[in-house]
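Engineer: Residues per chain are reported as follows:
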Amino acid sequence: MTPTKQFLCFGIATALLFSCGRSNQPLGTVLRIEAPLGLPAATAPTDNPPTVETVALGRKLFYDKKLSADGTVACASCHSPEAGFADPRRVSAGIGGKLGTRNSPTVLNAAYSPVQFFDGRAKTLEEQAGGPIANPVEMNLPHEACVTKLNADAEYTKLFQAAFGPGVITMTKLERAIASFERTLLSGNSAFDRYFFGGDLTAMSPAAIRGLELFNNTKKGNCAVCHRIGAQNAPFTDGKFHNIGVGFDSDGELTDLGRYAQTKDERDKGAFKTPTLRNIAQTAPYMHDGRQKTLKDVVDFYVGGGTSNPQLDAEIKELKLTGQERADLVAFMESLTGEAPPNSGPPTAGLQTSGLQK
Amino acid sequence: MRQLLVAVFLLSACTSNPEKKLATPSTTEIVYAEVDPTISGIISGTVMFNGKTPPRKKVDMDEDPQCAKLHKQAVYNDSIAANGKGNLANVFVYVKHGLEGKNFRLPADAVTMVQKGCWFEPRIQGIQTGQKFQVINSDPVTHNVHPRPKINREWNQSQESGAVPLIRRFSKPEVMVRVKCNIHGWMKAWVGVVENPYYAVTTADGNFELKNLPPGKYTIEAWQEELGVQEQEVVVPPSGKQTLQFTFKGE
Numbered sequence: 001m002t003p004t005k006q007f008l009c010f011g012i013a014t015a016l017l018f019s020c021g022r023s024n025q026p027l028g029t030v031l032r033i034e035a036p037l038g039l040p041a042a043t044a045p046t047d048n049p050p051t052v053e054t055v056a057l058g059r060k061l062f063y064d065k066k067l068s069a070d071g072t073v074a075c076a077s078c079h080s081p082e083a084g085f086a087d088p089r090r091v092s093a094g095i096g097g098k099l100g101t102r103n104s105p106t107v108l109n110a111a112y113s114p115v116q117f118f119d120g121r122a123k124t125l126e127e128q129a130g131g132p133i134a135n136p137v138e139m140n141l142p143h144e145a146c147v148t149k150l151n152a153d154a155e156y157t158k159l160f161q162a163a164f165g166p167g168v169i170t171m172t173k174l175e176r177a178i179a180s181f182e183r184t185l186l187s188g189n190s191a192f193d194r195y196f197f198g199g200d201l202t203a204m205s206p207a208a209i210r211g212l213e214l215f216n217n218t219k220k221g222n223c224a225v226c227h228r229i230g231a232q233n234a235p236f237t238d239g240k241f242h243n244i245g246v247g248f249d250s251d252g253e254l255t256d257l258g259r260y261a262q263t264k265d266e267r268d269k270g271a272f273k274t275p276t277l278r279n280i281a282q283t284a285p286y287m288h289d290g291r292q293k294t295l296k297d298v299v300d301f302y303v304g305g306g307t308s309n310p311q312l313d314a315e316i317k318e319l320k321l322t323g324q325e326r327a328d329l330v331a332f333m334e335s336l337t338g339e340a341p342p343n344s345g346p347p348t349a350g351l352q353t354s355g356l357q358k
Numbered sequence: 001m002r003q004l005l006v007a008v009f010l011l012s013a014c015t016s017n018p019e020k021k022l023a024t025p026s027t028t029e030i031v032y033a034e035v036d037p038t039i040s041g042i043i044s045g046t047v048m049f050n051g052k053t054p055p056r057k058k059v060d061m062d063e064d065p066q067c068a069k070l071h072k073q074a075v076y077n078d079s080i081a082a083n084g085k086g087n088l089a090n091v092f093v094y095v096k097h098g099l100e101g102k103n104f105r106l107p108a109d110a111v112t113m114v115q116k117g118c119w120f121e122p123r124i125q126g127i128q129t130g131q132k133f134q135v136i137n138s139d140p141v142t143h144n145v146h147p148r149p150k151i152n153r154e155w156n157q158s159q160e161s162g163a164v165p166l167i168r169r170f171s172k173p174e175v176m177v178r179v180k181c182n183i184h185g186w187m188k189a190w191v192g193v194v195e196n197p198y199y200a201v202t203t204a205d206g207n208f209e210l211k212n213l214p215p216g217k218y219t220i221e222a223w224q225e226e227l228g229v230q231e232q233e234v235v236v237p238p239s240g241k242q243t244l245q246f247t248f249k250g251e
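Protein sequence lines, in the order shown, are assigned to chains A and B.
Okay, so the first sequence: first residue is 1 according to this note's numbering, each after it adds one.
Okay, so the second sequence: first residue is 1 according to this note's numbering, each after it adds one.
Chain A on its own, in the form it takes in the complex:
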């Protein structure tokens, strides 16, 4: 809740305070989300603890095409469980086949990301969730129209009341429910996790193990400076923005200014959020504009030293790697495919609010 809203509530009446302060707050059974092997402990904002009810509701919303103007596009259309919760298309198509400019990233483990989107323009999953619904090239459903549509739906009215108590459906509730569902979309326990954190030395292939060394070695792949591997867990991102030299047109000009659009800081031109590399083998194509088709293309790109430009990150330079070493890096990234989170697929008809089982 914003400070101004809070002020208003206190200023007007206690009755209003009650409804403002509590009505968007989830009720019901708090859900404990266990982080799989290799991932940090799951966290959630204090005003939106995931509950059995909000998560089930969020799951339904995530797969529901009703959230788009013409009923053709759901969140899952561009974040499909079959494609590692990303989109195999170079750039995503919204309603009427309208194309965006960026490749859809996975929402698996997005809960750990300190900011959302390639340019970090949303801070939280809650803030992010409203964006695509109203975006004209995505779901194109203005927020007012969205809540009107849902309030007219008897089933949603029931589900929202079970999740948030009595009262009308609001965007805040909807965003919270979707965000809570996304907080359950954690994927770990990959071959790498079992090897590195679980001590199972047979979990990774010899090529992948060699690849891991190269990935960490600052004189070889030098990948881990940005795609971090910690002692307790491995997010594979530093949560920061870097210009690695992707996204130039034929004249060598940036086609997307990236983080600069938010900060207007010259140094952020062409800088994008470091994406996680978990489940990367499932989420081709790669980079913010989806220009790289395979993991081999990605490794070749880094070997080449990206594209020179004034904002190129100091860590990006030509790499001296043999063909074998390049293949080993690919094998390593292929070992990062985690387990699909439970209860993450499309909900079956007649969804029960009390249970999460598929």
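Hints in this document: simulated from the structure, not taken from any laboratory.
Just so we're clear, the structure is a prediction, and the values are computed from it rather than from any experiment.
Where is the CB? At the ideal position from N, CA and C, for every residue including glycine.
Among the clues, some could well be false.
In silico EDC-like cross-links for lysine to aspartate or glutamate, where the CA-CA straight-line distance does not exceed 16 Å [to be verified]:
1) 65/A to 127/A
2) 172/B to 154/B
3) 219/A to 153/A
4) 57/B to 78/B
5) 132/B to 195/B
6) 296/A to 231/B
7) 217/B to 100/B
8) 220/A to 325/A
9) 293/A to 334/A
10) 296/A to 62/B
11) 132/B to 251/A
12) 60/A to 153/A
13) 317/A to 195/B
14) 249/B to 231/B
15) 102/B to 36/B
16) 249/B to 226/B
17) 320/A to 63/B
18) 180/B to 325/A
Which residues of chain B face chain A? A partial, calculated answer using Cβ under 7 Å [what the hints assert, rightly or not]:
19) 63
20) 64
21) 142
22) 144
23) 155
24) 157
25) 158
26) 160
27) 164
28) 167
29) 171
30) 175
31) 182
32) 183
33) 185
Put chain B on the given structure of chain A with help from the hints.
Structural biologist: Leaving out everything else, chain B in the frame of chain A:
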């Protein structure tokens, strides 16, 4: 009222001319050299290699299996492309001196370098300063175009399969700019950047021809990637035809 209107009309008609002149100040106008075809001459010739032709070196593309797969037959790195009779191909020949201060119009067409079969085509070529340099990737792999000039600006651009062609320019004369691919160490090309259109690359028979030259005294330089450079002076009289021979010595 009517008179006034006419006057205004006339006034504006009068001022339109001087205004136009102001828009193109004569100080920045480039005067292009016009070559009179009725008196222009030709320098032609042959470049020879005098020595034992080194054994052909096979290119090993195994480092990138996707590249290796593109070739059914062996690829050779002919850094000294001499035939059995000693004629030397792929030598860059150009007018080094004699045209100073002359401006030549830029050809509208771009000079093109293609990455095909994980190989630069052509290996050696020339371009005028300011002319469009187009780089195409027609391979299924990611390439990386990295010119290593000493005088021009250095740049490095990744170009994935199917990407739009790159369009660049070299602003200063430089013979030669070496181009490499950071990803595939065996890929090499050279671009000769000159301020005039009088350049050629010797054919398989070692021949070259510089046509439509204004009469004058010239220094002609021949550049070979391993054997270095040689120059010769030559005078082209009106409608003259001069023949030169360059001989590079090997071991």
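Engineer: Going straight from one Cα to the other, do residue 219/A and residue 153/A come out at no more than 16 Å?
Structural biologist: Answer violated: residue 219/A to residue 153/A is near 59 Å, above 16 Å.
Engineer: Given the proposed pairing of residue 57/B with residue 78/B, does the C-alpha separation stay at or below 16 Å?
Structural biologist: Distance of about 7 Å is within 16 Å: holds.
Engineer: Against chain A, is residue 167/B within 7 Å by beta-carbon distance?
Structural biologist: Hint holds; residue 167/B Cβ to chain A Cβ min 5 Å, cut 7 Å.
Engineer: Does residue 127/A lie within 16 Å of residue 65/A when you go C-alpha to C-alpha?
Structural biologist: 20 Å, violated
Engineer: For residue 249/B and residue 231/B, compute the direct alpha-carbon distance and say whether it is at most 16 Å.
Structural biologist: Satisfied, since the Cα-Cα distance of roughly 14 Å is no more than 16 Å.
Engineer: Given the hinted pair residue 249/B and residue 226/B, is their Cα-Cα distance within 16 Å?
Structural biologist: The given pair, whose Cα atoms are some 11 Å apart, holds under the 16 Å limit.
Engineer: Under the criterion that the straight-line Cα-Cα distance not exceed 16 Å, is the pair residue 317/A, residue 195/B satisfied?
Structural biologist: Cα-Cα ~33 Å, so violated.
Engineer: Holds or violated: residue 64/B as interface residue toward chain A, Cβ cutoff 7 Å?
Structural biologist: 6 Å, holds
Engineer: Is the hinted pair residue 132/B and residue 251/A satisfied, with a Cα-Cα distance of at most 16 Å?
Structural biologist: 11 Å, holds
Engineer: Would the pair residue 102/B and residue 36/B pass a check requiring their Cα atoms to be no farther apart than 16 Å?
Structural biologist: Given that 16 Å is the threshold and the Cα spacing comes to 14 Å, the pair holds.
Engineer: Keeping to a limit of 16 Å between CA atoms, is the pair of residue 320/A and residue 63/B held or broken?
Structural biologist: Answer holds: residue 320/A to residue 63/B is near 12 Å, not above 16 Å.
Engineer: Holds or violated: is the Cβ of residue 164/B closer than 7 Å to a Cβ in chain A?
Structural biologist: Interface hint status for residue 164/B: holds (5 Å vs cutoff 7 Å).
Going through the hint list in order, the structure does not satisfy hints 1, 3, 6, 13, 18, 29, 30 and 33.
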